[in-house]
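Asks: Letter by letter, the chains look like this.
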Amino acid sequence: MKKLTLSAWFIVASIAYAAYLHFTGPEDVPAAKISSAMQQDSSAPALAQDVPTTQPPTVSAPPPARSAAAPKPKPSALYTNGTYTGSQADAYYGTVQVKATVQGGTLANVVFLEYPNDRGTSRRINAWAMPMLISEAIQAESANVDIVSGATYTSGAFRESLISALSQAKS
Amino acid sequence: MMGMPIAVEIADKTPAKSAIEKVFSYFSYIDEKFSTYKDTSEIMKINRGELGEMEYSEDMKTVFALSEETKKQTDGYFDIRTPSGPYDPSGLVKGWAIYNASKMLLADGFKNFYIDAGGDIQVYGLNAEGRAWSVGIRNPFNQKEIVKVLSVRDEGVATSGTYVRGQHIYNPKNAKMSIREVVSMTVVGRNIYEADRFATAAFAMGEAGIAYIEKLSGFEGYLIHANGMATMTSGFKKYIRTDA
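Residue numbers (this note's numbering), protein chains in the order written: chain A, 1 to 171; chain B, 1 to 244.
The hints are simulated quantities; they were obtained by calculation from the structure and are not laboratory data.
Some residues of chain A that are not near chain B, with every Cβ distance over 12 Å (derived):
| id | residue |
| --- | --- |
| 1 | LEU78 |
| 2 | THR85 |
| 3 | SER87 |
| 4 | GLN88 |
| 5 | ALA89 |
| 6 | ILE163 |
| 7 | LEU166 |
Derived contacts from chain B toward chain A, CB cut-off under 10 Å, selection only:
| id | residue |
| --- | --- |
| 8 | PHE141 |
| 9 | LYS144 |
| 10 | VAL157 |
| 11 | ALA211 |
| 12 | THR231 |
| 13 | MET232 |
| 14 | GLY235 |
| 15 | ARG241 |
To give an idea of the chain B side of the interface with chain A (calculated C-beta under 10 Å), a few residues:
| id | residue |
| --- | --- |
| 16 | SER134 |
| 17 | ILE137 |
| 18 | PRO140 |
| 19 | LYS148 |
| 20 | ALA158 |
C-beta: ideal position from N, C-alpha, C; glycine also.
The following block holds chain B by itself, in its conformation from the complex (with noise of 0.2 Å):
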């Protein structure tokens, strides 16, 4: 979906085939609509002017809807518009779709599953040797390697970074600035539609994004700084996974 890679593992004992072929067929509808990799999306269309505003199909005006909203919320630190003009809403859908995947999986009587695409994360219940679920987060630095594990339950888990293809978070605030000094923000929260947004905007935020997190009740954040050195907010532990 949208350039990245998609795992869904459902822990129930109940048939789930047919489950996570519906969340698959999602994700595909997800990545038609709203990738700017493919100049056939909906998205791709607006930002060459061919559809009006009026013309945007329902979940497109809801995303620039959401969108506008997280915008307020973060002082205008996440911002779709791009520097150079065109949209780029993947910062919020990613999160959006996986968890309105996660609902419809909750929908047939699921609970305990995750759905991960491209790192973003949305976690129920427990895994299938009836413990938590772990998520590590990687280490920017060396992708083999993890530099801490976290446990978590019905949360969503978010890292915002600095990828491989390419500098695609911006500071709207200072285009020509790039996001180096943070290679790495992870955010636990509620849910992976609110820790995605989150995680954008802190990232755009550069180092000043974990006190935001901080700041922010319900979520807790793991900034990676480009010296190798983590700040982490004063909730995070909670999350770090205690036993071996």
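Just chain A, with the same shape it has in the complex (with noise of 0.2 Å):
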């Protein structure tokens, strides 16, 4: 019996681990998807969903992009409208440089122009391993603790070329 259930979820874990190769590929890592996307055109938009940065996302349907020619802005917009590339910001492992598209007089989305590139992991991923691990997203828990473990990345070079883009725009 031992012998049948054992052989019928290897069988189950090989399925599951080829349907996950199937589904995903050596570049399934969202920040590379994003760089991929930028090799292909860097006109076209890319939705910046995955950056790491501490507030959440503006997440919004990739509008067409807009150079420079710019409507009459409103006395009350903050930004004038067109597309702005901020400045290339040292995150310590690479680079980051984001091109900013304001509409509306406001920031309609954020597109990246450089991100570091993670080609080449390792992908030894085990595939007794695979089906057993969990995955969730993060979210904020109590901060009641008695001791804090951790590392800290800072998205601050995605802000800073953000802001040396918008710096720009400002009417």
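Put the complex together from the two separate chains, hints included.
Replies: Right, dumping it as structure tokens:
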């Protein structure tokens, strides 16, 4: 009985792993997706949903990128419509550069022009281990703890590049 | 110690001042010997070629031997030699030093305490309220937030990640590739020495690191990806604090 269960489990695991490989690829990591999209056409905006920032990313249907042609800015608009390229910011692990699109006087979209490349990562994921791992989105929980364990990842480079783009857009 | 803040809390009712002083003085000793931030440290002398292997101190020899053993056990993913050549054993020394310090406190009769050096923690017994020590995993994207609360007992919790100061963990297999798809790797294990060295190795493996921890008996892990998703090992749930 044990042998049957074991082989059944192995078959299920193999199928699950094959399905995993089929539905994903060597560049399944979201960051890699963004950089490969960038290589195709830098004028086509991609969504920056996977960017690690401290605020929820602005998710909107990608508007077509409009360059400099600006309609009469409303007197109350903070920014002038258009697309603006931010500075190349040092993120320690690589360089980040964004392009900001302003529409209706506000930030409508942000696109990565440069993002550290993570190709070539070891993908030795064991077929046995895969089905047992559990995924979840991280969320803020009670800060009422005795001790804190952690590293700090800074998204300062993203903010720095975006701020530099928006400073050009200031009306 | 080695550029990291240290916190020690003893919940036992017995006087602890001299014990805590002993711990800090031990960490000072570790710093003088292993810190890559101190030009006068033994490790920096070694890196400058001023000390031959025969001249290493006992503790240095121990750390090199443990590093070699860890390198073999992790198929080369743990490696104290940095891509540019110099040694940086901090990925092992931290946990090892904290563990040694905790053994000092145990030897002095203390049963309820924790030692935290730069977010790597060894925990024993219960806190002052008589409950298991609670450890929060910091949100790698917002250091003011906690994203997971753990309840641990006589265990070590180590988190490897991309530090603000700069990339300090490399993939020894591909030095040009920086480890960014994973921003935080937390390992819980029987003691902080073990948890720290395996967290360091697992982080160097990228996303495959969590599968490595899954296979490692006696350890559980929580990996946070650059996109804000997390993956945990199948047994990690047992450490999650269930009451409020």
